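Turn these sequences into a full structure, and let the hints steer you where they fit.
Taken in sequence, the protein lines are chains D and Z.
Heads up, the first sequence stops at 486 in numbering that gives the first Met the number 0, and the numbers go up one at a time, no gaps.
Heads up, the second sequence stops at 65 in numbering that gives the first Met the number 0, and the numbers go up one at a time, no gaps.
Watch out, some of these pointers could steer you wrong.
[To be verified] DEER-style ranges, computed between Cβ atoms:
# : chain 1 : residue 1 : chain 2 : residue 2 : range
1 : D       : 112       : Z       : 4         : 32 to 40 angstroms
2 : D       : 112       : Z       : 3         : 29 to 37 angstroms
3 : D       : 92        : Z       : 1         : 36 to 44 angstroms
4 : D       : 27        : Z       : 1         : 41 to 49 angstroms
5 : D       : 394       : Z       : 30        : 36 to 44 angstroms
6 : Z       : 30        : D       : 92        : 20 to 28 angstroms
7 : Z       : 1         : D       : 334       : 44 to 52 angstroms
Hints were generated in silico from the structure; no laboratory data involved.
In this text the structure is predicted, and so the values were computed from the model without any measurement.
Note that the Cβ used here is the ideal one computed from N, Cα and C, for glycine as well.
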Amino acid sequence: MKILIIQLTRPGDIFCSWPVISAIKRQNPGAEIHFLIRKKFAGAARDFSAVDHFWHFDSERWLSPIIDDPMNTGAAQIELGKFADAMRSEKFDQIINLSFSPSSSFLTHLVTSENSEVRGYTRSSDFYLHIPDEASRYFRAQVGVNKFNRLHIIDIFAMIAGVNLSDLDLVLYPNRILSDTVVCHLGASVENKAWPVDHWLSLIKSLLDSGYFVQMVGGGSDSPKAQAIAKELGCENLQDLIGQTEFSDLAKILSKAKLLVGADSGPMHVANGAGCPTLCLSLGPVKYWETGPTVKGSQVLACGVPHHLKPEEVFLSIQSIVHMETPNKNARLCDGKKPVRYDDQGNDESAGWDTVTWLYFGADRPSVNSVNKKFIDQILEVCEIAAVQINLYKSDFSKTSGLQLIEKIDDVLKVIGQTDKSINPILEYFFCEKENILPGTQAEVIEHTLNCYQWLKSKTGELKGEPRNDSEFLGNTGSAQKVSGVL
Amino acid sequence: MSKLNEKLAVTLKNLEKLTCQLRDTKDYSRQSEIAFLLKEIVQEQILPTETITENENTYNSAHPTR
Numbered sequence: 000m001k002i003l004i005i006q007l008t009r010p011g012d013i014f015c016s017w018p019v020i021s022a023i024k025r026q027n028p029g030a031e032i033h034f035l036i037r038k039k040f041a042g043a044a045r046d047f048s049a050v051d052h053f054w055h056f057d058s059e060r061w062l063s064p065i066i067d068d069p070m071n072t073g074a075a076q077i078e079l080g081k082f083a084d085a086m087r088s089e090k091f092d093q094i095i096n097l098s099f100s101p102s103s104s105f106l107t108h109l110v111t112s113e114n115s116e117v118r119g120y121t122r123s124s125d126f127y128l129h130i131p132d133e134a135s136r137y138f139r140a141q142v143g144v145n146k147f148n149r150l151h152i153i154d155i156f157a158m159i160a161g162v163n164l165s166d167l168d169l170v171l172y173p174n175r176i177l178s179d180t181v182v183c184h185l186g187a188s189v190e191n192k193a194w195p196v197d198h199w200l201s202l203i204k205s206l207l208d209s210g211y212f213v214q215m216v217g218g219g220s221d222s223p224k225a226q227a228i229a230k231e232l233g234c235e236n237l238q239d240l241i242g243q244t245e246f247s248d249l250a251k252i253l254s255k256a257k258l259l260v261g262a263d264s265g266p267m268h269v270a271n272g273a274g275c276p277t278l279c280l281s282l283g284p285v286k287y288w289e290t291g292p293t294v295k296g297s298q299v300l301a302c303g304v305p306h307h308l309k310p311e312e313v314f315l316s317i318q319s320i321v322h323m324e325t326p327n328k329n330a331r332l333c334d335g336k337k338p339v340r341y342d343d344q345g346n347d348e349s350a351g352w353d354t355v356t357w358l359y360f361g362a363d364r365p366s367v368n369s370v371n372k373k374f375i376d377q378i379l380e381v382c383e384i385a386a387v388q389i390n391l392y393k394s395d396f397s398k399t400s401g402l403q404l405i406e407k408i409d410d411v412l413k414v415i416g417q418t419d420k421s422i423n424p425i426l427e428y429f430f431c432e433k434e435n436i437l438p439g440t441q442a443e444v445i446e447h448t449l450n451c452y453q454w455l456k457s458k459t460g461e462l463k464g465e466p467r468n469d470s471e472f473l474g475n476t477g478s479a480q481k482v483s484g485v486l
Numbered sequence: 000m001s002k003l004n005e006k007l008a009v010t011l012k013n014l015e016k017l018t019c020q021l022r023d024t025k026d027y028s029r030q031s032e033i034a035f036l037l038k039e040i041v042q043e044q045i046l047p048t049e050t051i052t053e054n055e056n057t058y059n060s061a062h063p064t065r
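Rendered as structure tokens:
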């Protein structure tokens, strides 16, 4: 069996793909596993021993003729075509796309051969986005900033791939040895997720005063921060390793460290693979639920404005991790449970998540208040209007004015979702199903569209307390299936 | 915008025109899909780095509702 896994995002996502690769190999020891990643991030997967063949997505090379002549795209198209042909000729039995970008979905479709089973984002025959599996549709509808997902991305990847993760699958670097070293990752992938240098200075001083050995790690761009700190605090217990570590070096360092402190970024994912607890400084627009630390005992301090997170609070959390004490009230604890990996200690509202668990995982119907009911009534009303307009169009394809009205109805539904966030997961599901209607005759597409509105009407009615109507419970794929029994 | 991105913006405009034509003529050949893929790769180079990790509906309009 030949399996291709596609991961075209950044090092953190590559590390988050490792547990799935490990589980696939464990469950299919004879399988030949191919892994496609961007060439510039190849170092992140160097220790992925379960991979049999690496493919490198080399966009810089493909684009080089265009840089010489911006109007000449022919050479790039020929090179891309050769690459896609070479991959397709492998005739993969299964293709699992774990990235969610347009380029990855087009490439997935291009390398799919007649008998390939595809999971993850791909394209249909007319190049519209197509999402064949329920887990990826869950991602599209419910994952991201301003949404309510609480499943970690490694668990969503496992759902997409159709594998069950064991704790051992999360270990990329075994042989952990403990020391008194605290590793500080000073930077972040983007500056608005990074903690200010004066706060680092204050924290590292407290750590040194308490007898810890401190190693500073990060990319070359973090060097000025480290130099400023070393100039102020320079002593034999402080080591500057900025710009000196490949991922495999970092893994060796973290295998021996007591703790990593830093942003939700590449080094934190290396720590996950090395079994090293992390104090994750989840700053700016980051969702720790999805990408935070996975080692039991790790903690997350979340703060929208980086400089508002005080060094004293970070130091207290470090002490509570090291001494295995109760976390302070603002911290989220990674308690080793799955698939919701954090105890939020009552810090986060759960209205939208309750709707998600009811919608996808068979949890009890969430309660609704009078405000929710008002918005539900509006949804029911516009669904009726949509159904009338679609039926009119179905009877006479020349009556296109109703289609414009349907566009306006969708705009209204989006505004309702933005206003009443606890209902929004249902609307996100609806829009995802509507978008995922497959190519067909005009009559088939109309019928599927009508089904989507009927599903929305039925489901919102059910939320309000009306009896469930299974005959209307269709969606475009035939049923509103549960993603899996993960909860 | 850097000089490199200025060049890529010209290419992107060219590819957007080409892919619009391909959609209008319903040319769903393999060659045509490679042009769509190239357009996305060029766009990724111009977008901020973090954007490529996000759910694609946040910025892409290559898949309108059918």
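So, going through the hints one by one against the coordinates:
no.: 1; hint: D:112 <-> Z:4: 32 to 40 angstroms; verdict: holds (36 angstroms)
no.: 2; hint: D:112 <-> Z:3: 29 to 37 angstroms; verdict: holds (36 angstroms)
no.: 3; hint: D:92 <-> Z:1: 36 to 44 angstroms; verdict: holds (43 angstroms)
no.: 4; hint: D:27 <-> Z:1: 41 to 49 angstroms; verdict: holds (45 angstroms)
no.: 5; hint: D:394 <-> Z:30: 36 to 44 angstroms; verdict: holds (40 angstroms)
no.: 6; hint: Z:30 <-> D:92: 20 to 28 angstroms; verdict: holds (26 angstroms)
no.: 7; hint: Z:1 <-> D:334: 44 to 52 angstroms; verdict: holds (46 angstroms)
Consistency with the previously given hints is maintained throughout, with no hint failing.
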